[in-house]
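Please build the complex by placing chain B on the supplied structure of chain A, with the hints as guidance.
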Amino acid sequence: MKKALQPDEFDPASDEATDAAIDKMLLLARQRLARAIAPIRRSVARVGIIESPLGRLLAAESPRGLVALTYLDTRDGTTVLAALRQKFDLVEDAETAARIGGEIERHLAGDDDAIVHRPIDLSLVVSPFQRRALTRLREVPAGSVVTYQGLAAAIGSPSSQRAVGTTMASNPLPIYVPCHRVIKSDGKIGNYGGGVERKLKLLRAEGFEVDRGDRIPPQAVYGHWQSRIFCSPTCSAVRRAERKKWIIFTDSARARGAGMRACKLCRPA
Amino acid sequence: MPQSRKINAPATLDLPPPFDEAVARYERELMRFLLRTTRDHDDALDLFQETWLRAYRAWPKLESAAGLRPWLYRIATNLCLNRTRDRMRRSRVIGDEEIDLERASAGSNGAHEGVLHLKAAIAQLPHNQREALVMRKFGGLEYAEIAHALSCSAESARAGVYQALKKLKLSVELSS
Chain A
1 MKKALQPDEF DPASDEATDA AIDKMLLLAR QRLARAIAPI RRSVARVGII
51 ESPLGRLLAA ESPRGLVALT YLDTRDGTTV LAALRQKFDL VEDAETAARI
101 GGEIERHLAG DDDAIVHRPI DLSLVVSPFQ RRALTRLREV PAGSVVTYQG
151 LAAAIGSPSS QRAVGTTMAS NPLPIYVPCH RVIKSDGKIG NYGGGVERKL
201 KLLRAEGFEV DRGDRIPPQA VYGHWQSRIF CSPTCSAVRR AERKKWIIFT
251 DSARARGAGM RACKLCRPA
Chain B
1 MPQSRKINAP ATLDLPPPFD EAVARYEREL MRFLLRTTRD HDDALDLFQE
51 TWLRAYRAWP KLESAAGLRP WLYRIATNLC LNRTRDRMRR SRVIGDEEID
101 LERASAGSNG AHEGVLHLKA AIAQLPHNQR EALVMRKFGG LEYAEIAHAL
151 SCSAESARAG VYQALKKLKL SVELSS
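Line order of the protein sequences matches chains A and B. Here the first sequence is numbered in our numbering, starting from 1 and rising by one per residue. Here the second sequence is numbered in our numbering, starting from 1 and rising by one per residue.
Just chain A, with the same shape it has in the complex (with noise of 0.2 Å):
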């Protein structure tokens, strides 16, 4: 039996719901909405612009961690927030923006810690390939590089450096998943998706001095990934080992700050 608004619920001279009527029917339609809602409810991720070093980012941060960093002169900012809204609940907020932009700062002065800390939230990438590639290349530090093969050998997938490229291309977090510091194997820097001026900028930051001409310094020292030692390039072991196995840190100091040793055959300086 339907309940009709009864006649004191009702002002006859406007012909209106009394507002205490309204109120009343407002209380439990909030508890109704909410039981209702609370099954597909989206978690919340604050958004902001970064007015930064490296130009204009949009910056998305989820309760799980920072979840989209786009440069807006070279991608589509509307593209990126309506992936971002198929899967939260967007906010506002320049303090999270702030926050973000002044940890990006600190890096580029040269503060390796500053962007290390802050967990990330790949809800974006879809591809549990890609999710591999991203959460391994985290692991390599700052002051190094890595070759697409390299990468790719390192997630169990030698022959996918093609695949990896495409990851780094479609990385929604640069820098904080850092795709600027994965080169060609034959040593030339690559693309960037933020432009090369940007990936030179960055790993430059870091302590890595390559230009387009000369490529990996010559002080550099090769690291291998599974034995934790590092050579320089003369080495025996470096001609021996296959090259996807190395990562390529900027000199000694760098690779004995990732935890490796160095080779008592070459002994680099």
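One or more of the hints may lead you astray.
Stated by the list, open to error - List time: in silico DSSO-like cross-link candidates among lysine-lysine, alpha-carbon distance up to 30 Å:
{"hint": "1", "chain 1": "A", "residue 1": "K24", "chain 2": "B", "residue 2": "K119"}
{"hint": "2", "chain 1": "A", "residue 1": "K87", "chain 2": "B", "residue 2": "K61"}
{"hint": "3", "chain 1": "A", "residue 1": "K188", "chain 2": "A", "residue 2": "K201"}
{"hint": "4", "chain 1": "B", "residue 1": "K137", "chain 2": "A", "residue 2": "K24"}
{"hint": "5", "chain 1": "B", "residue 1": "K169", "chain 2": "B", "residue 2": "K137"}
{"hint": "6", "chain 1": "A", "residue 1": "K184", "chain 2": "A", "residue 2": "K264"}
{"hint": "7", "chain 1": "B", "residue 1": "K167", "chain 2": "B", "residue 2": "K137"}
{"hint": "8", "chain 1": "A", "residue 1": "K188", "chain 2": "A", "residue 2": "K264"}
{"hint": "9", "chain 1": "A", "residue 1": "K87", "chain 2": "A", "residue 2": "K184"}
Unchecked claim - Each pair of labels, with its calculated beta carbon distance range:
{"hint": "10", "chain 1": "B", "residue 1": "P17", "chain 2": "A", "residue 2": "Q86", "range": "14 to 20 Å"}
{"hint": "11", "chain 1": "B", "residue 1": "K169", "chain 2": "A", "residue 2": "L27", "range": "35 to 41 Å"}
{"hint": "12", "chain 1": "A", "residue 1": "T166", "chain 2": "B", "residue 2": "Y162", "range": "23 to 29 Å"}
{"hint": "13", "chain 1": "B", "residue 1": "L81", "chain 2": "A", "residue 2": "K87", "range": "30 to 36 Å"}
{"hint": "14", "chain 1": "A", "residue 1": "V116", "chain 2": "B", "residue 2": "R25", "range": "53 to 59 Å"}
{"hint": "15", "chain 1": "B", "residue 1": "L81", "chain 2": "A", "residue 2": "R99", "range": "46 to 52 Å"}
{"hint": "16", "chain 1": "A", "residue 1": "P128", "chain 2": "B", "residue 2": "D14", "range": "31 to 37 Å"}
{"hint": "17", "chain 1": "A", "residue 1": "E139", "chain 2": "B", "residue 2": "G67", "range": "45 to 51 Å"}
{"hint": "18", "chain 1": "A", "residue 1": "D112", "chain 2": "B", "residue 2": "R28", "range": "52 to 58 Å"}
{"hint": "19", "chain 1": "B", "residue 1": "D14", "chain 2": "A", "residue 2": "A34", "range": "25 to 31 Å"}
{"hint": "20", "chain 1": "B", "residue 1": "Q124", "chain 2": "A", "residue 2": "R32", "range": "28 to 34 Å"}
{"hint": "21", "chain 1": "A", "residue 1": "L27", "chain 2": "B", "residue 2": "L170", "range": "36 to 42 Å"}
{"hint": "22", "chain 1": "A", "residue 1": "G187", "chain 2": "B", "residue 2": "G67", "range": "39 to 45 Å"}
{"hint": "23", "chain 1": "B", "residue 1": "A58", "chain 2": "A", "residue 2": "R32", "range": "17 to 23 Å"}
FYI, nobody ran anything at the bench for these hints, they're computed from the structure. For glycine and all other residues, C-beta sits at the position ideal for the given N, C-alpha and C.
Chain B only, in chain A's frame:
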């Protein structure tokens, strides 16, 4: 700096308000609108919940705060339309709508006869005119917002309200 390949950066984010904030902002007027349209306590409650549920599901498609209010009214109006259609279909089979109306009019007292007559007159208006009238007079929407909600021009919305008021006036004059 790198060369720009594709510049499509939002100047400001201009995000729609968070869902809960939108509920808090529009719940009262939407409930009033649904009560006015359905003239039934339970139906208004059901449609209120369904309106916000549908809005929440479609929230990712909402790109900015602009147009939020007419969009909500569009959802509510569509749900009211569906409900009316279902009722008509059912009443053809069961034929109990007339009984309810008789009961309702038998239970009313003299003080509310005018109100009931007006309600009946509103109920007899063509759908678009009724919705336009309710949105304008009880929801307080601008003609542009009504036009957005009813997918028509602002002129049509204005004409709909005018025609509805004209018919109501005539109906009241005839009854008195």
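Hint check results:
1. In summary, the hint linking K24 of chain A to K119 of chain B is supported, as the alpha carbons are separated by about 23 Å, within the 30 Å threshold.
2. Using a Cα cut-off of 30 Å, the hinted pair K87 of chain A and K61 of chain B holds, with the two alpha carbons roughly 12 Å apart.
3. Restraint check for K188 of chain A and K201 of chain A: the C-alpha separation of about 15 Å stays at or below 30 Å, so the hint holds.
4. Taken as a hint, the K137 of chain B and K24 of chain A pair is honoured in the structure, with Cα atoms around 23 Å apart against an allowance of 30 Å.
5. The suggested pairing of K169 of chain B with K137 of chain B holds, with an alpha-carbon distance near 14 Å, which does not exceed 30 Å.
6. In summary, the hint linking K184 of chain A to K264 of chain A is supported, as the alpha carbons are separated by about 28 Å, within the 30 Å threshold.
7. Taking the CA atoms of K167 of chain B and K137 of chain B, the gap is near 15 Å; set against the 30 Å cutoff, the hint holds.
8. At most 30 Å may separate the alpha-carbon atoms for a hinted pair to count; K188 of chain A and K264 of chain A meet this at roughly 29 Å.
9. Taking the CA atoms of K87 of chain A and K184 of chain A, the gap is near 34 Å; set against the 30 Å cutoff, the hint is violated.
10. Roughly 18 Å separates the CB atoms of P17 of chain B and Q86 of chain A, a value that falls within the hinted 14 to 20 Å.
11. For K169 of chain B and L27 of chain A, the hinted distance range of 35 to 41 Å is satisfied, since their beta carbons lie about 37 Å from each other.
12. About 60 Å separates the C-beta atoms of T166 of chain A and Y162 of chain B, a value inconsistent with the hinted range of 23 to 29 Å.
13. Our hint of 30 to 36 Å for L81 of chain B and K87 of chain A holds, since their Cβ atoms are close to 32 Å apart.
14. Distance hint check for V116 of chain A and R25 of chain B: the Cβ-Cβ separation is about 41 Å, which falls outside the suggested range of 53 to 59 Å.
15. Distance hint check: the CB atoms of L81 of chain B and R99 of chain A are about 48 Å apart, consistent with the given range 46 to 52 Å.
16. Separated by about 35 Å at the C-beta atoms, P128 of chain A and D14 of chain B satisfy the suggested range of 31 to 37 Å.
17. The hinted range of 45 to 51 Å is satisfied by E139 of chain A and G67 of chain B, whose Cβ atoms lie roughly 46 Å apart.
18. For the pair D112 of chain A and R28 of chain B, the supplied restraint of 52 to 58 Å holds, since their beta-carbon distance comes to about 54 Å.
19. In this structure the supplied range 25 to 31 Å holds for D14 of chain B paired with A34 of chain A, their Cβ-Cβ distance being about 28 Å.
20. For the hinted restraint 28 to 34 Å between Q124 of chain B and R32 of chain A, the CB-CB distance of approximately 32 Å keeps it satisfied.
21. L27 of chain A and L170 of chain B have their C-beta atoms about 40 Å apart, which keeps the hinted 36 to 42 Å range intact.
22. Judged by the Cβ atoms, the range 39 to 45 Å given for G187 of chain A and G67 of chain B is violated: they are separated by roughly 53 Å.
23. Restraint check, A58 of chain B to R32 of chain A: a C-beta distance of roughly 19 Å satisfies the suggested window 17 to 23 Å.
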